[in-house]
Amino acid sequence: MTAEPHQPIPRVLVADDDPIARSLTRAGLEQAGFLVLEAEDGEGALVLYDQQRPDLVVLDVMMPGLDGFQTCEELRRRPGGDRVPVLIMTGLEDIESVSRAYEVGATDFASKSITTLLLSHRVRYLLRGSRTLDALHESRTSLNRAQRIAQLGSWEWDLDTNRLLATEQTLRILGTTAWKFGGTVESYKQTIHPDDLESWIQSIEGLLSGQSPHSLDHRVMRITGVERMVHEEAEVERTPEGHPIRVIGTVQDVSDRRQAEAQLEYLAYFDHLTGLPNRRLFLDRLSHTLLTAIRYQRLGAVIALDIDRFKRINDTLGHSVGDQLLQEVGERLVQGIRRSDMLARYRAADEGSVTIARFGGDEFYLLLNEIGSAQDAAKVTTRLLEAIAKPYTAAEREIVLTASAGITLLPLDGEDVDTLLKHCDTAMHHAKEQGRSRYHFFSETLNVAAEARLELEESLRGAVDRGELRLHYQPQISLATRKIVGAEALIRWQHPNKGLVPPGDFIPLAEDSGLIVPIGAWVISTACAQAKVWQSMGLPLVRVAVNLSGIQFTESNVVDTVRDALETSGLDPMRFEVELTETIMMRQIQKMIATVGELKRLGIRITMDDFGTGYSSLAYLKHFDFDTLKIDRSFVKDLTSDNNSSAIVEAIIAMSHILDISTLAEGVETPEQSAALQRLGCDEVRATAQAARRQSLKRCGWSTVFSSQFPELSTEHR
Amino acid sequence: MSTAPTTTSEPNPQPAPKEQIAAKTSTQAWDTIRALQRPGQPDLLEKILGLFVKNSQDLVDQLRGALEQNDAQTVFRAAHTLKSSSANVGAVGLAERCKELEALGRQNQIGDAEDLFAQIEAEYGAVLTVLHAELQRTRGV
Numbered sequence: 019m020t021a022e023p024h025q026p027i028p029r030v031l032v033a034d035d036d037p038i039a040r041s042l043t044r045a046g047l048e049q050a051g052f053l054v055l056e057a058e059d060g061e062g063a064l065v066l067y068d069q070q071r072p073d074l075v076v077l078d079v080m081m082p083g084l085d086g087f088q089t090c091e092e093l094r095r096r097p098g099g100d101r102v103p104v105l106i107m108t109g110l111e112d113i114e115s116v117s118r119a120y121e122v123g124a125t126d127f128a129s130k131s132i133t134t135l136l137l138s139h140r141v142r143y144l145l146r147g148s149r150t151l152d153a154l155h156e157s158r159t160s161l162n163r164a165q166r167i168a169q170l171g172s173w174e175w176d177l178d179t180n181r182l183l184a185t186e187q188t189l190r191i192l193g194t195t196a197w198k199f200g201g202t203v204e205s206y207k208q209t210i211h212p213d214d215l216e217s218w219i220q221s222i223e224g225l226l227s228g229q230s231p232h233s234l235d236h237r238v239m240r241i242t243g244v245e246r247m248v249h250e251e252a253e254v255e256r257t258p259e260g261h262p263i264r265v266i267g268t269v270q271d272v273s274d275r276r277q278a279e280a281q282l283e284y285l286a287y288f289d290h291l292t293g294l295p296n297r298r299l300f301l302d303r304l305s306h307t308l309l310t311a312i313r314y315q316r317l318g319a320v321i322a323l324d325i326d327r328f329k330r331i332n333d334t335l336g337h338s339v340g341d342q343l344l345q346e347v348g349e350r351l352v353q354g355i356r357r358s359d360m361l362a363r364y365r366a367a368d369e370g371s372v373t374i375a376r377f378g379g380d381e382f383y384l385l386l387n388e389i390g391s392a393q394d395a396a397k398v399t400t401r402l403l404e405a406i407a408k409p410y411t412a413a414e415r416e417i418v419l420t421a422s423a424g425i426t427l428l429p430l431d432g433e434d435v436d437t438l439l440k441h442c443d444t445a446m447h448h449a450k451e452q453g454r455s456r457y458h459f460f461s462e463t464l465n466v467a468a469e470a471r472l473e474l475e476e477s478l479r480g481a482v483d484r485g486e487l488r489l490h491y492q493p494q495i496s497l498a499t500r501k502i503v504g505a506e507a508l509i510r511w512q513h514p515n516k517g518l519v520p521p522g523d524f525i526p527l528a529e530d531s532g533l534i535v536p537i538g539a540w541v542i543s544t545a546c547a548q549a550k551v552w553q554s555m556g557l558p559l560v561r562v563a564v565n566l567s568g569i570q571f572t573e574s575n576v577v578d579t580v581r582d583a584l585e586t587s588g589l590d591p592m593r594f595e596v597e598l599t600e601t602i603m604m605r606q607i608q609k610m611i612a613t614v615g616e617l618k619r620l621g622i623r624i625t626m627d628d629f630g631t632g633y634s635s636l637a638y639l640k641h642f643d644f645d646t647l648k649i650d651r652s653f654v655k656d657l658t659s660d661n662n663s664s665a666i667v668e669a670i671i672a673m674s675h676i677l678d679i680s681t682l683a684e685g686v687e688t689p690e691q692s693a694a695l696q697r698l699g700c701d702e703v704r705a706t707a708q709a710a711r712r713q714s715l716k717r718c719g720w721s722t723v724f725s726s727q728f729p730e731l732s733t734e735h736r
Numbered sequence: 022m023s024t025a026p027t028t029t030s031e032p033n034p035q036p037a038p039k040e041q042i043a044a045k046t047s048t049q050a051w052d053t054i055r056a057l058q059r060p061g062q063p064d065l066l067e068k069i070l071g072l073f074v075k076n077s078q079d080l081v082d083q084l085r086g087a088l089e090q091n092d093a094q095t096v097f098r099a100a101h102t103l104k105s106s107s108a109n110v111g112a113v114g115l116a117e118r119c120k121e122l123e124a125l126g127r128q129n130q131i132g133d134a135e136d137l138f139a140q141i142e143a144e145y146g147a148v149l150t151v152l153h154a155e156l157q158r159t160r161g162v
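Chains as they are written, first to last, in the working numbering: chain Z, 19 to 736; chain V, 22 to 162.
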């Protein structure tokens, strides 16, 4: 007997404490063509195994020290020891030993009484099986190795059984292990990111139906929680009839590639110093915005912003300080835009509605996709210039920077990118020529308007201090008693040069500039003080009403202002009333409900102004605890001529009475209107000053008792 | 590891020992060992018989001591080894006696094993005589 040809001589390790048995076994195996290594006991066998790595191990069960079973167990735990064939020699009659032999991982067992010839055959047979296993293992190992090097995994999905066989590399990519991976298509799906599962399923369905190849990038969720991006391709195997049997797929981890691509994209489109979009991305977005603006007739703006004398910083403090400052400027621009209320409402609709870019050096550009008016662009620019002008700390010193800006409106100032940017630069240089730290529109008309506004704003700023503001009072009259029950305070600006400026000309400006806050506070305190004066004069005048602006609610604590005014004047809160418009209510409705509740707790009255003109909703009436509802003058005007107006007024009054809210009609000018309102059940009316003067209170049958003591009613001046 | 000795008892061709106790042996076992002899290698039968002669006395001594000390575990192990070894050299009778003693040792019932051990010692002496004779014969050749 000889070993099989073309193979190295197989080496067999024989462990037996009985030298006679060992010698005989050795002789038998050597005769059969094997090379034999001998060990006297289990420990010796393990040492010899580690040194020699025999192709097969024969273990006697009964040995001192480690017996055959224990030796086998030890062997199986060794690296590579899990695959070497182990033959355990047991007593013939000993069934227990046989099952124990398999438990400890023996490949086979043999009775000690078998002949050396039979043993040789048995050994040869075991070696052949082991070589097949080794070959299989080798091929699997090299496949795994190849897949690992290629970072490519593969899987086979049997459509009949739904089993999915995945290679080690696949499991590695999916971040799971053979133990945890269930081996079905369901367990495979579980590794796919939930948001990508649907597209995966659709793609596989397309593949199975033969409509589309399966080539898909999707994310996987590893057990560790790490997310990776994989690229997957699959083909389907079919019967000759075209029935799909099996899907074979490859999976590749492309996270790093994706990241590299993202990095490249970042470098191509973003400024490395500030992280802001660069010129290229800005121009992309600008051309897109231009097209949209032209097509949908929208107004946008491009603003060029240049730091004044920035070269001086680089020259004196060095480029690293310069870079640090530019980063800070970029950050302030981003923050400034974020805080801008004006843009918030546009941004809500479109996240990318503002682009801030750095073109290099100290040149920054802004693109506002959609604005309401040129004034919006001016306001944003003003804020940003202010933000930039706040002191910086760099190189352990305080540094002050200013910037100049040019504003172009699109598409008005240019219908292509180049023209717009050229005009924007022209405007910016104009701002520099005019003394820096300012903005300049490209359009001269806008500059004139902006200048006029600026001038008016400057002048309004001092109006309170100079005592140029006035309150005029219009009487509110009870239709039931025909007596004056209250007065509504209306603001006027007595401009030294322009004369009387109507509220419509300066209130929006006051709101834009924030001046409305001090002006509003002045109105409240002045009205309270006046009401207290009338009260102490003994006039039965019930109350004074003032109108509040929405800005007072968002930019100041109107509750504190009212409380202060009441305390300072000592006026009974019942005699004070604030009027709110629907538009104010609409904004931040939850916050408004809370604020109105606080005002009510001060003890004052609340009126809803202009009811019926805006988004009138019954829901507001329910949520806000109003005392009075004001019927808009537009309904009153047509009251006696238009049945619809009459019906609306009647409905408003009826509803208010059900809700226990009193009604007050504005703009009553004729006795007919007054009579009609009384007939419909309206509680009070407010006469226009003109009406009061023209027709006299007396002619209307209204109280004249204190008209003589109420000079404002006739003179309109305090 | 054992060859499978037949249990036939053959008359010993060599002169009978003085004590007239015939060792129950099988020469077929020797033939099996001879069949394993590879050309150019030391004589295998001589090696195996030599190993038996060299190691077996120690096993018999172990058995005696263990029986005196009532150490069933050692009796079991020593009887087991002596059983296999004697079977391998064709000492069928000795192997059978040892198997009985091995069973008693395993069952922890060695209290009445004195007679059995006496038989083993007697049989062992006879086997040694036979083996010595064979060894002298082969060495003499």
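Treat the hints with care, as some may be off.
Chain V is nowhere near these chain Z residues, computed Cβ spacing over 10 Å in every case [as the list claims (entries may be wrong)]:
1. Asp35
2. Ala45
3. Gly522
Partner residues aside, some chain Z positions facing chain V, computed with beta carbon under 8 Å [claimed, not checked]:
4. Ser41
5. Gly46
6. Glu48
7. Met80
8. Asp126
9. Arg240
10. Thr242
11. Leu301
Chain V regions said to be covered by chain Z (calculated; three or more residues, Cβ under 8 Å) [unchecked claim]:
12. 67-78
13. 100-108
14. 113-120
Worth flagging that the hints you see were computed from the coordinates, not collected in a lab.
C-beta: ideal position from N, C-alpha, C; glycine also.
Here is how each hint holds up against the structure:
1. Asp35: The assertion about Asp35 (chain Z) is violated, with a minimum of 7 Å to chain V.
2. Ala45: The claim breaks: Ala45 (chain Z) does not keep its Cβ more than 10 Å from every Cβ of chain V (closest is about 4 Å).
3. Gly522: 116 Å, holds
4. Ser41: 6 Å, holds
5. Gly46: Holds. Min distance 6 Å.
6. Glu48: 6 Å, holds
7. Met80: Where the cut-off is 8 Å and the nearest Cβ of chain V is about 6 Å from Met80 (chain Z), the hint holds.
8. Asp126: Hint violated; Asp126 (chain Z) Cβ to chain V Cβ min 15 Å, cut 8 Å.
9. Arg240: Constraint on Arg240 (chain Z) not satisfied, violated at 54 Å.
10. Thr242: 53 Å, violated
11. Leu301: 90 Å, violated
12. 67-78: Holds: 5 residues of the segment 67-78 of chain V have a Cβ under 8 Å from chain Z.
13. 100-108: Result for this restraint: holds, n = 4.
14. 113-120: Violated - the segment 113-120 of chain V has 0 residues with a Cβ nearer than 8 Å to chain Z, which falls short of three.
Violation of the numbered hints given earlier is confined to hints 1, 2, 8, 9, 10, 11, 14; the remaining hints are satisfied by the structure.
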